Structures are given as C-alpha cells and as structure tokens.
Amino acid sequence: MTQKTKTLLERRYSMLGLLLIAPTVLVFCAVIVYPLVSAIYLSLFKIFTPTLEGTWVGLDNYRTLLAKGEFWTSLRTNLIWTVGTLTLQIIFGVGMALVLHQNIWFRSLARSLILFPYFISTVVAVLVWKWLFNDLYGILNHLMMSAGLIDWPLDYLGTMPNAMISVILVGAWKYFPFVVIAVLARLQTIPDHLYEAARIDGAGPIARFFDVTLPQLREVLVVIIMLRAIWDFKEFDLIFLLTGGGPVTSTQTLPLLVYKEAFALNQMGMASAYAVIMMLIMLVFMIIYIRRTRSEDS
Amino acid sequence: MKNSSMFGHRISRRGALKGMAATTAMASLPLPAMAQETTIRWWSPQAAPAQVDAYMAQIAAFEAANPGVKVVFETTSDEGYAPQLAAAFSSGEVPDIVTHLPSFAIQSYYANGLVEPFNDVIEAIGPDDYFDGANDVFRAADGNYVGTGIGNSAANMLWLRKDLMEEAEIADAPRTWDELRAACQAMQKGGIFGAPLPYGRNSMTTLIFVGVIHQAGGQIFDTDLNVALDTQATRDALEFYASMRELCPPGATNYSWGEAITAFVSGATATGIYTGRVLGNVNAQNPPIADSVTCVRYPTASTDIPAWTFNDFPSVFIPKQSSNIDVAEAFAASLFNPDGYIQQLHAAPGHVLPVLKSINENPQYQANEIIQKYPGEVELMAQAAAGGFNLGYESAAHQSNEKAGEVVGSGVIADMVQRVVLNGENADQVIGDTTKAIEDIMAG
Amino acid sequence: MLRKIAFNLFAWSIVLAVAFPLFWMLVTSVKPQFELFRRPPTMLPETFTLEHYWGLLTETKFLSYFWNSIILSTTTTVVVVAIATIGSYSLVRFRYRGRETLAFLVLFTYLLPSVVLILPLYLMLVNLGLSNTITSLVIAYTTFALPYALWLLRSFMAGIPEDLESAALVDGASRLGAFWDVILPQLLPGIISTALFTFILSWNEYLYALVLVNSDEARPLTTGVMNMLISSFNIEWSLLMAASVMMSVPLIIAFAFLQSYLTRGFGAGGVKG
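Chains as they are written, first to last, in numbering that gives the first Met the number 0: chain W, 0 to 297; chain H, 0 to 443; chain D, 0 to 272.
For reference, chain W alone in the conformation it holds in the complex (with noise of 0.2 angstroms):
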C-alpha cells in the first residue's frame, strides 16, 4: 500500500477508514481537545468559582504559584508519593508473581484474591482501610498491641510521617496487583531451557533470578513503571479520600492543590494554571513512555 499511484479501491477503503474513525476524532475533539485548550485559557484568568466572574490577567497565575512555597511542596509531596508507592508496588508486585508463578494450592484462587484490590472502587478501598486504621476500634492497632510491638494506638492518618506511610501503604495494596499480573503474563513466556541452562552451569534460586529472570523481565518493568508512575502521579481520590492532603498539608498533592484551589478557595483561573503545570511536568513521563511503546510497535 507504500506505492504512490492509489487504486480506486485503495482511496475509498481510506475513506471509509476515516469515516470509521470519524465519531472518535469529534468526540476526542469535544471533550478532550477543547477542554485541554480552554485548561491553558482559563489559566491565564482569575476566576471566582460560584459567579464564574473572570478577568484577564495574563501569566499571573504562573508567576503567584511558581513563587509559592505551596506548589513546590505540593510537588515534593508529589514525588515522594508517586517513588515511594511505586517501589513497593514493584517489589511486591513481582515477588507476588513469582510466588504465584509456582505451583502452589489453588492457584486461580489465590490470584483471584491478590487481584481484588485492584478492581474494587478506591471509596470501599479507603473505607476498609480507615476502618482499619482507627484509632479507637481499628484491628491493627489491636493486632499490633496484642503483639507486644506498641504499647498505645497508632495514629495511622493524622500524624507525618505516618499519614505518608499510610498513603503509600494504601495505594501499594490498592495497585500492585496491576504489576502481578503484567509480570506474571512476562513469565510465562520465558522458556524452561534458559533456566536448564543456568542450573547446568551451577546457579542456584537467587542467582537464576538475576542472571535469567530480570533480564528477560527487564523490559516489561520499564513500560510497567513508566505507566505506573504516570498513575500514580495523577491519583486523586485515594490521598483525597484518606487524608485531605493533611496533616496540614504533609500529604497534598498536586491534584489535590488543584481541587482545593477551584472548590475550597474558589480561585478556578489559578487551578487550570496549577493544572496546566501539572501535565507539563508528567509530559516528560508521557513522552518517555510513548517513544517506548511507539519503538516496540515498528
């Protein structure tokens, strides 16, 4: 189909095919490219949320956020959750997975179980988990005093740094069953006589794992963590859910600086403007990621 002279039946085929992709072009067009233009426009206004009452005022927004010691917190914050949260949800993740990977006693079932928590709506997420975590009733604190390892209730949420380790504690139960079972899908795949291989040559469990398995888990992990780390960048309603960004403003991150900023302070131009950034920095994730998948595609 490279050649440069098209058959008849080639230019209808392509008409067809764009007629085809028509609705997707006009509603991507409706409600993600318009939007994302109007997102930079409004930034540039200072609107009073319950009037929508807006007047120009340029790049102010960028020049207050950029000066204030909020936006930069908010995204140290940021990152200390989205490394923190990801890094154990990778190291669980593929540790679940090869456990998994073996033969164990009613293996669907188990998988079945460690999955869950990725499926079930992050509001029962966060309700089990506060529930969990209370201070006066909750059963680890139970748990926890029965076996000796504190004499006093915890307070999981409302104190730094717990509320933090909470928060990434939470989100790493909630989405490392996502790299269990992308990692597991990879390890099917790798072939028994590698590992005959390396039993030959005298390797024991752990030195087979790294010199078989990770090598051929390498490239999965990348997409894995590129496309995790964008997630997690970008969560909302777990942290929002769990702490409000408290204590104080210990646990709030970007997306929750723009939701205070358009709903609580009612300052919508200046949230598109914290939004805006915010996609700017996960460009660099977005464009990493995408020349990933766009190599392995070609």
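None of these hints come from the bench; they were simulated from the model. Nothing here was measured: the structure is a model prediction, and the numbers come from that model.
With a cut-off of at most 16 angstroms between alpha-carbon atoms, the simulated EDC-like pairs for lysine to aspartate or glutamate come out as follows:
#: 1; chain 1: H; residue 1: 188; chain 2: H; residue 2: 166
#: 2; chain 1: H; residue 1: 188; chain 2: H; residue 2: 162
#: 3; chain 1: H; residue 1: 188; chain 2: W; residue 2: 150
#: 4; chain 1: H; residue 1: 435; chain 2: W; residue 2: 69
#: 5; chain 1: H; residue 1: 356; chain 2: H; residue 2: 378
#: 6; chain 1: W; residue 1: 67; chain 2: H; residue 2: 432
#: 7; chain 1: H; residue 1: 356; chain 2: H; residue 2: 128
#: 8; chain 1: W; residue 1: 45; chain 2: H; residue 2: 439
#: 9; chain 1: H; residue 1: 435; chain 2: H; residue 2: 229
#: 10; chain 1: D; residue 1: 60; chain 2: D; residue 2: 215
#: 11; chain 1: H; residue 1: 69; chain 2: D; residue 2: 215
#: 12; chain 1: H; residue 1: 356; chain 2: H; residue 2: 131
#: 13; chain 1: D; residue 1: 60; chain 2: H; residue 2: 52
#: 14; chain 1: H; residue 1: 372; chain 2: H; residue 2: 290
#: 15; chain 1: H; residue 1: 69; chain 2: H; residue 2: 36
#: 16; chain 1: H; residue 1: 69; chain 2: D; residue 2: 216
#: 17; chain 1: H; residue 1: 161; chain 2: H; residue 2: 171
#: 18; chain 1: H; residue 1: 356; chain 2: H; residue 2: 127
#: 19; chain 1: H; residue 1: 161; chain 2: H; residue 2: 290
#: 20; chain 1: D; residue 1: 60; chain 2: D; residue 2: 216
#: 21; chain 1: H; residue 1: 356; chain 2: H; residue 2: 338
#: 22; chain 1: W; residue 1: 45; chain 2: W; residue 2: 59
#: 23; chain 1: H; residue 1: 188; chain 2: H; residue 2: 168
#: 24; chain 1: W; residue 1: 67; chain 2: H; residue 2: 439
#: 25; chain 1: H; residue 1: 188; chain 2: H; residue 2: 245
#: 26; chain 1: H; residue 1: 188; chain 2: H; residue 2: 165
#: 27; chain 1: D; residue 1: 60; chain 2: H; residue 2: 73
Chain W is already provided as a structure; the job is to place chains H and D on it using the hints.
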C-alpha cells in the same frame, strides 16, 4: 428551570405574605395554582434518619396544601457543603432552599449576590415571635436579611460523665482550663481518653478553635474587622490546645463532628465537645451511661474570662438563582409551622433549639422524653446558644463579616492548629503566617 | 515435600494478608453496632445480623444511587465500546493521512490526568445546561474511557490475522461485510474484556462525580455512599462496610464468571504496545 413569572405577580404575593404576618398562625402560604408540576430541591447537612423523617412530614404537609408542588430533600455535609454549593452556584443548578448552614456562610454568599433577601419570609413568620436579636446575625451590610435562623445550637458544650468524675473524685464541673486538664488527666485510664478535641484539617477544628481563642480572651478580628490574631490570647489558646493533645485519642488528628460525638457517646472519652445531640445519641446507642451525662459551658483560661459559646446559627436561605423563589419562600415559611417545626426539633432534642418564643413555650415542644429527662441541660444550652457567637459575628459589637465563610473554608485556622500542635512549629511564625493568610482572604 | 508445604503456607499467608481488609469488611458488615465498639474487637461476629444491609436498602437512597451507577456505567460502556470498536478497526486496518498522529493522540489522552480536563469540562457542561445529569457524567467518563477502550481494542485488533479479512474480501465480501462477519466474531473476547474494564472504570469513578453532580437524582454510588454516610452526627462503620460490600457486587459477579476476560484485558491495556 421554569421561570418564576408563571406563578403570577410577585407583588401581589408579597402582599399575601404581609397579610399572613398579621395573624399569628402560620399555615402554609397559599400559592397560585400551578400550571404544571413544580419541583423544588431542599438541601441540609442535618440529616440524621429521625431528622429526615421529620422533614418528610413537613414536606408532605406542604405538598398537601399546595397541589402540584413537589419538594425533594437532599443531604449535604458540614465538611462538604462549601465545594458543593460553589459548584451549584457556578452551574446555576442550585437547590431552591438550604437549611442548617452556619450564618456566616450565607453572609459570604449574599455578599457575592448569590442569595435572595429573606425579609418577606421573616415578616411572614412574625418578627416579634423571635427571641430578641435572633435575626441580628442575618442582617447584611445593606440592611436586608440574608436568611433566618431555623434554630440555635450550642456547639461547644463540655459534656461530662458524672460516674467517671465520681470515680476520679472530682466534685465540680471544671470552670477553667487548668481544672479541665486536671480532670481529664484524672479520668484518662483503662482505655478511656480525656477528651475528643478535634485536631483535624477541617471546619470543626477551625470553628472550635475560634472558640478557644475567645475562651482565652482573644479574638480573630477586631470590631472593624482587622485581623487581630497576633495576641497573647492566641498563644495561650495554642498552648492549651497542644497540652490537651495527649489527653485525646490518637486519631483526634482527623476528628470532625462525627468522630467527636461518637467518641464520647461510645464511652471512649470521659468528656465531650458537641451540641445537645449527645443526649439523643447516648440514650439510643449507649443507654448504660445515659443517666450520668451532663453538660456545662466550655471552660475558659481563667475565671475572669466569660464563657464563649459557639453557635453556628443554623439557618434557612434561598439562592437567588432558584427558578422557584416564590415556592421556596412559601415553603421556608411553612417550615416554622408549629407541628412540623416541633417534630423537626424533637428529631434531635436539645441539638437544634427553637428560635421562636411561641415554640419554646409550646407545651407540645416541652412534652418530649429527652427534654424532660434533662431539663437543666436543655435550658442551659438554650441560654448559652442565645448568647452565642461565631466567626461571622464574633461579638455584638462586631461588624458583619462577609468573608468569614471563606476564612473557615480556606482552613487556615485549622492549619494553624495543626502546624503548632502536630508539627511543633514556632507559634509566632505560624500566627504571623495565619494573620497574613487571613488578611489575603479579606483583601479578596 | 516438606519444602513444598512450607512454601505453600508462606504463599498463602501472604495472599490472606492481602485479602484481609476484604475479609474484615465482610465481617464488620454483619456485626451489630454495639459489638463494633467492643475493645478488643471480636474476630468473628458474636451476633450475626443483616440489619445493616436491610437498613441500607430500605432507609437510605442506596438503591437509587445503585441504579444511577448501573445506568451510568452501562451507557458509558455501550457508547464507548461502540465508538472504539470501529475506531480501532480504522486505526489498525486502514491507511490515511494523520493515522499515526491519531494513534499518538489516543495514547497521550490515555495518560492525561483528569484533573486537567475537569475544570473546562465542568464549565462546558454547565454552559450546555447538562450539569447535574447522568448524561454529563457519561460525557465526562468518555474522556478517560474512550482512549482506554481504543487502546485495548487496538491491541486486540492487531492480534487478528490479516489473512482472514483478505480471504473474505477475495470471496467478494465488502469491507464492512468482512468486518461484520470476520472481524467482529474474532474480536468478541476483546470486546468483552474492554467492556468489562470500561464498566469497572466507570463504576469506580469518583472525581468527576464529585465535581459534576450535586443532586441525588444523578449521583452515582461512589459519591452517594460517601455523602450519605460520612456524617456529622454519627459514624456507622457497619453500615459503611455493608455499603462497601454491596458496591462491590458487580465486581464479584465479574470475578466469578468472567475472570479470564479480566486478565486478558490487563495484558492488552497496559503492557503491550
């Protein structure tokens, strides 16, 4: 979405409203016959099941008197109403009537032209029936009323367990902070904590801590609404609040109203801080302690500082963008009909206290198990609430503060508490930052 | 042998630890309120009760939220999967200018944070007079569901051998006829996977629902449950846990009957290009 013009001339209905005011009876106001179904939406954060039942009865009565009108009740929440209303106002999809929001919230909305003046409805209810000054907090700078009180509440009563006090050999209810701290220390044992003070990043912490500053003899704004936070009183208040931290459950760092009341009612804390709702909840959920609960006004730094009761002045108001203002006004007036109003108050006895003299004296209102079981407590709360204040109305001498809602909504005061108490930051620095943040909000 | 048992015990103790929160959710939901305040907590309920489930269904708006969620998620799924199926067919099997750019755009939007789109989208829906309706949420959900579905289906589509379609064309079928007779049946498992994922994504969505809807008429479960139960007068954990269990019902059904589709969608969406 239907325009209000379809309900005939507003002028003539205003006349009808005034006519109603002459009579003391507050039967539902007649509305012109509806050409078609009209639905109005009613929001309130006060939505315990018993309260919703009472609202349903009031709705049924109104719907029966006004065929063609339908009222839909929807729940909002104390922590969530601000963003929800912000979204509602900006989308134009507003509720037609909102009840039980604190008075300062409406003042902010009114100042931005989002609220319909309420003068006619107050006329219809009968301005003389209100307790003296009950509507002062709702007067806007332009002289109009932005809403009215649907009740009073004394939100920072100190709740006590007489049984635990006896065990700890405490004879009298604490009057000062030192006494309170000592009492909490004496009662904190066996898995029971001293107090459930809120340290969360939420509006309860803000509202309670505004009270604590006043209990130290301070204020947030002076009478001309300049920020007056940088005082010794604020430092004392922070110091007291920090010293109470170890007497509160570990999770108090995230406490808001729900956690605070549940902690006291379930018996996990020896003292409580809440409105009279405690009475109903204790009797329903934890009867064994029901005979030993009592309340006093929250202690102050020293005996020469008078008690300061936080009354959020639960309100009724009508958003200007409502397309059925006439119906909403008639419905608002009907909420004060004795039968329905009393049932509504009885749904949480002692929690929302009546604003109308005729209701308070009404034998039907007094004939309630809980009100009769705790006459002293209910009377004390009624008095305390009537002399109560809030951030929009810090004292009778203060100007009305249109930005109070935003100051509360921004959470800067809760942030101040968290930074000093939880993070141990330097109080002077934090008070300076907070002063600046509030000044920014005032400058708007 | 001993080693095998030890390994199994080890594996299962991790699995159970991961699943413990879900177990605890179930246990709490059938405990009466007074047992909840017991210290230390009881591991298994001493008194078994379904009153919270009953209360949820009869005394609260849970069912109406549930119904809203069903309508919302189903509509979103149908609309999105329909558009994405023909869209992905076009992206994979046709050649025209801008095709590559489009594929790139799809991937880009797949990764876009919703918090960027939410403000303008909100304003747009307000101007269209659509705020507070289920329709507004369907439109909003398209922003993340469509790129997702396109991405999934694109990779499923690419897995169908081109020969099959060519053979049908040689036999004289029209392009659309071939699509209908050959591609669709082949694609069916992929479509089911995609539909399942789209449904679950919509079912669990929180942020858009929080911002775009503030009326009970259109409120879905996620915000409904939060709004209904996190109150200032009482926090009823057993009721919250019962609500959580019931919210997960569609998911449990999917898990029981369609698990292989879930795992399949996983691979296609995330990790393969």
